[in-house]
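There are 2 protein chains.
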Amino acid sequence: MKKTRTGAEAGSKISESTVRRLSQYLRLLHEAQANGEATLSSEELAERSGTTAAQVRKDLSFFGSFGKRGLGYSVPELRRQVEEILGLDRGWRVALVGAGKIGSALISYRNFRRMGFDILAVFDSDPTKIGQPWGTQTILPDAEMERVLGAERIDIVIVAVPADAAQAVLDRVVGSGVRAVLNFAPVRLRVPDGVAVRNVDMVVEMEGLTFALTNR
Amino acid sequence: MKKTRTGAEAGSKISESTVRRLSQYLRLLHEAQANGEATLSSEELAERSGTTAAQVRKDLSFFGSFGKRGLGYSVPELRRQVEEILGLDRGWRVALVGAGKIGSALISYRNFRRMGFDILAVFDSDPTKIGQPWGTQTILPDAEMERVLGAERIDIVIVAVPADAAQAVLDRVVGSGVRAVLNFAPVRLRVPDGVAVRNVDMVVEMEGLTFALTNR
DNA sequence: CTATCATTGTGAAATCATTCACAAGCGCAA
DNA sequence: TTGCGCTTGTGAATGATTTCACAATGATAG
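Order-wise, the sequence lines are chains F and D. Read in my numbering, the first sequence has 207 at position 206, and its numbers run on one by one without any break. Read in my numbering, the second sequence has 76 at position 75, and its numbers run on one by one without any break.
Read the hints as simulated data drawn from the structure, not as lab findings. Small disclaimer: the values here were computed from a predicted structure and weren't measured. Mixed in with the good hints, there may be bad ones.
Copies of one chain are not kept apart here, so a pair can be met inside one copy or by any two copies together.
DSBU-like, lysine-lysine: derived pairs with alpha carbons at most 35 Å apart [stated by the list, open to error]:
1. Lys69 with Lys14
2. Lys14 with Lys59
3. Lys69 with Lys59
4. Lys130 with Lys102
Please put together the full structure from these sequences, using the hints given.
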């Protein structure tokens, strides 16, 4: 109970749902801070994030003990701690592959910048798009991918290409040493161990809704 | 073991992860069918969707028994059955609120149409956008929302407005009787029981990646 | 300084999800 | 028709996550 440091201890096995909830808590903490609230109890955090107080405390307890008994959690301090847990206490170098509609929605999403994500390169395979300006970037030919991913020391690649091109893109990205990918293509991608992939799949979400509507 | 009909039986409690996997299986079945494969075993389905054969069989067993022992599953038949389970054996009437970049990416996503989702109305609050053409639709003023959602008998609403407007939009949408919402705004929305919400939240996904990169 | 109050941190219990393991069923060959 | 090989469907076992429940502790008031 002396541990106050964050970060995964050896052998830690944090579940994906815990990490998702930490993101939620962080968002609430930002709101609370903007709102001038000094402290929040696990009960308040739970209420606002749609979970239970015990869940909030358990999630946080994997990483340390950040509250004060009888008082709750200091908003600015817990915010700082959760940012550190999630790795948001540094900048991240991001590249986008696929300069279509989805990529376009992404690059103009300015919360991204505010959160420490810097989009440093944009690639496309369409020769007519190469060289065109895109936000603050210029679209690069996809043949340059391996070189630029390395030269720019890219941490995270966002894949926003058609489904049938996604696996090939992914293989090249992973081959260039990138170990985290956000995939918008509606396919399940195969990756070697040690590479993190998160999928954003509208079709799956819509089907979740039609299932819910169909079954009561 | 005589039950072959799909659909939730009384008291069924299907987990969200099972439903997500069903979407994956369906996608694979489409590919397999396009590819001329007549049958697939649970082992093959598992291999292609990144899960285990036992998981595939368990998922399907909640709804009936669709395979032939010794042979596997007939691709066209299982496809039809999974479509029925997910409620994809009918069309769905969809409206979009928020005619920004994300909405724009959605409306031009033509797989949507192919899957039985018909976007029948688009709303925005920006007076300069009202009346402009958008895909096959014309942008409607958001004051018309309640009336049009009812008149068009909308089943599912896609919310693609800024975070600080999302809860108000949701309340109006739910008040109009809509019971399924796909939310792109980066907030956790509060809904009454009986309303299904799925969130597509890029920030949460990106933070999942930074967590993974930070903690080995 | 002590009592009171609120709220955390955390083992233990309960619930939920996945994996195991195998009997039962089907197709095929002889 | 019988036997063999393959694959399903499913209880039982295991593993993971959530919830419970309470002792420990900081803040505060008298």
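Return the numbers of the hints above that this structure violates; sort them in rising order.
none
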